[in-house]
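Undergrad: Read off the chains here:
Number of protein chains: 2
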Amino acid sequence: MKKILILGGDGYLGWPTAMHFANHGYQVMIVDALLKRQWEERMGVRPLFPIPVLRRRVECWNKTAKNPIQVKIADIAQNHLAVYELFKEFSPDAIIHYAEQPSAPFSMKDRNGAVTTFDNNVKGTLNVLFAMREFTPEAHLVKLGTMGEYGTPNIDIEEGWLEITHNGRKDRLPYPKLPGSFYHASKVADSVLLEFACRGWGISVTDLNQGVVYGIETPETKMHPDLLTSFHYDAVFGTALNRFVVQAAKNQPITVYGEGGQTRGFLNLIDTIQCVRLAIDNPAKSGEFRVFNQFTEMFSVMQLAQKVKDAAKGIGFDAQIEILPNPRVEKEAHFYNAKNSALKLLGLKPNLLSEEVLVNILQRALLAEDVDHAVLRPEIRWRK
Amino acid sequence: MKKILILGGDGYLGWPTAMHFANHGYQVMIVDALLKRQWEERMGVRPLFPIPVLRRRVECWNKTAKNPIQVKIADIAQNHLAVYELFKEFSPDAIIHYAEQPSAPFSMKDRNGAVTTFDNNVKGTLNVLFAMREFTPEAHLVKLGTMGEYGTPNIDIEEGWLEITHNGRKDRLPYPKLPGSFYHASKVADSVLLEFACRGWGISVTDLNQGVVYGIETPETKMHPDLLTSFHYDAVFGTALNRFVVQAAKNQPITVYGEGGQTRGFLNLIDTIQCVRLAIDNPAKSGEFRVFNQFTEMFSVMQLAQKVKDAAKGIGFDAQIEILPNPRVEKEAHFYNAKNSALKLLGLKPNLLSEEVLVNILQRALLAEDVDHAVLRPEIRWRK
Chain B
44 MKKILILGGD GYLGWPTAMH FANHGYQVMI VDALLKRQWE ERMGVRPLFP IPVLRRRVEC
104 WNKTAKNPIQ VKIADIAQNH LAVYELFKEF SPDAIIHYAE QPSAPFSMKD RNGAVTTFDN
164 NVKGTLNVLF AMREFTPEAH LVKLGTMGEY GTPNIDIEEG WLEITHNGRK DRLPYPKLPG
224 SFYHASKVAD SVLLEFACRG WGISVTDLNQ GVVYGIETPE TKMHPDLLTS FHYDAVFGTA
284 LNRFVVQAAK NQPITVYGEG GQTRGFLNLI DTIQCVRLAI DNPAKSGEFR VFNQFTEMFS
344 VMQLAQKVKD AAKGIGFDAQ IEILPNPRVE KEAHFYNAKN SALKLLGLKP NLLSEEVLVN
404 ILQRALLAED VDHAVLRPEI RWRK
Chain Y
44 MKKILILGGD GYLGWPTAMH FANHGYQVMI VDALLKRQWE ERMGVRPLFP IPVLRRRVEC
104 WNKTAKNPIQ VKIADIAQNH LAVYELFKEF SPDAIIHYAE QPSAPFSMKD RNGAVTTFDN
164 NVKGTLNVLF AMREFTPEAH LVKLGTMGEY GTPNIDIEEG WLEITHNGRK DRLPYPKLPG
224 SFYHASKVAD SVLLEFACRG WGISVTDLNQ GVVYGIETPE TKMHPDLLTS FHYDAVFGTA
284 LNRFVVQAAK NQPITVYGEG GQTRGFLNLI DTIQCVRLAI DNPAKSGEFR VFNQFTEMFS
344 VMQLAQKVKD AAKGIGFDAQ IEILPNPRVE KEAHFYNAKN SALKLLGLKP NLLSEEVLVN
404 ILQRALLAED VDHAVLRPEI RWRK
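Chains as they are written, first to last, in this note's numbering: chain B, 44 to 427; chain Y, 44 to 427.
None of these hints come from the bench; they were simulated from the model.
Each hint should be verified, as a subset may be incorrect.
No copy labels: a pair is met if it fits in one copy or bridges any two.
[Stated by the list, open to error] Below, a list of computed lysine-lysine pairs in the DSBU-like style, where the Cα atoms sit at most 35 Å apart:
| # | residue 1 | residue 2 |
| --- | --- | --- |
| 1 | Lys166 | Lys131 |
| 2 | Lys387 | Lys213 |
| 3 | Lys46 | Lys427 |
| 4 | Lys427 | Lys131 |
| 5 | Lys374 | Lys131 |
| 6 | Lys152 | Lys131 |
| 7 | Lys213 | Lys427 |
| 8 | Lys392 | Lys350 |
| 9 | Lys213 | Lys45 |
| 10 | Lys166 | Lys328 |
| 11 | Lys427 | Lys45 |
Work the whole structure out from these sequences, hints included.
TA: Right, dumping it as structure tokens:
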């Protein structure tokens, strides 16, 4: 039975990923420091639906399903001895690394947000790399990066590497990055470390530069109410799509920042898990730093707002679109053409953002008993 | 009087830089945590000639010269409140940031070396950026990077940015980086942060991607014996050139790692100071992330060994060149063509590595009373 260590297994993506692999016969161990929950408290926000404590959701899984999940509470960034012990004793065949501070606004709120993000994300990655080198040099690391590392260059975005011809000579080099926040910069730093560790130590890594994920349902979350995953609609940990859905469902204007021409890659939670599974089942070679762009569709923020408005209209809600000043520093109208063929070649079958999918998310949002409207406002600004 | 804050002003480059600016009428404040001295103790190495404590070298300067240097002992990475206080009270017009762990082998010795390097270098840079944003948004940051960030790509190395044409479209993007150690990776992470801070906050930065510096004399170090700067010949903090010089002067074989085809940029300490001065006197624009490649000549390690051998022969020493296995993971024969025209356009007049310069360094090395031969051996290996 292939052993999978899931770092950050209590998170929005980590938890359904853990259940998926357990459900498909892998031996799964979750590691989490529960820092995300702590950061939520600090920022004064909560997911739309209450999430059971990790102990309870794992107990629920282990009663509901055949293949149990193991859990270890440990901070991979601050406690490297715990990381070493885990790698030594569990001896994973593959590691899925989600254990990072995931919010751009959190990283931009102040110095502490930026330093916390770097300290957690980059130190965690360093500790994982040293643990792999020491105890599992043959293991495969699947690391979650972000499409936001690339920013919005005026050329096609390739998958991690770029063939460059310059002054008559050629090389294949890491794709240039233009991160849009300290969070995105921390992911760029991670990628630099991973590429070096592959080249210098011969370990194997797949860096998944993921787009914005939507959706909260997987076959496993539906097995029991306590197995749900988190849905953040707040301005710190939520996504634009989630905010739009909650606004439409609660008869609030859908708030678009700036011109709304900001274009990004998107994918369904089900496809995130599909992609991670494809990476795990088709590992990178020894010494290979493999990068996949992990998204299925591209939309501008305005297109997304319009899609939510249309889906809401279909079930009787007449939402308006309202333009707010953009709290971020980013281009609001730009070229955007990102490649995503590698995962399709491995077999990815995209689940697209249909009206049906949006209506399903809207109907879930309608069930929410307690929406905190204050957290929808963007309070964190990139510039003073 | 222009106010210059020199972070890492106790170091090999920081100290002569501080004296230069004080000698030329700038108001200079040094900040240093003396961590480099602590790391030397931990690694069991010392500079070739004893260096007075910082208090004494500053007292000596303030007695010898007309324009005094102020000093503050503070850890810019771990004590951001001290950094904020400094920026608020001294209110520098420009900041020269040398305060980083400067050794690739130190960063590769183990997990602690890698984490210490990242924690010190990247967190220090973050604290400086936030202090600038808060207290001196108009100031100019001159940050020391390294040519080693680029690695050895198969195309010309441009100065920080690259015009890329790809699939019929064009953009000017950050030059791709291939760092050769966790130290070099930390400098790449710094560059990512600096570029983002310029773009996101509008601050102005000059990133000096410096080659390997040699030489220990400047007009100011010659003013008094206690004003000397450090000369490291050990395998942790020393450079290949310094090692070769000490080996030749002490009738030891000159040890080249691997084929010796590793080619790098080099410059004289006098030119480092000349370049930093040019950057300070011709600041980057608001919001500009300006990168200069700071070196004057390129040599392979074998060419360098041969130069030292020849210079030593000229003063009666018959040194042999010995090949040792390469402790690093790096290409030993490769294309290398790095551009360095920007600083020349600003007025840099290079002082090249002549036989006279080498003989001068050799003669200084001959005066050393206590050479620790054990520290010449490369004990830190990139691969297990």
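Undergrad: For each hint given before, does the structure comply? Return the numbers of the non-compliant ones in rising order.
TA: 9
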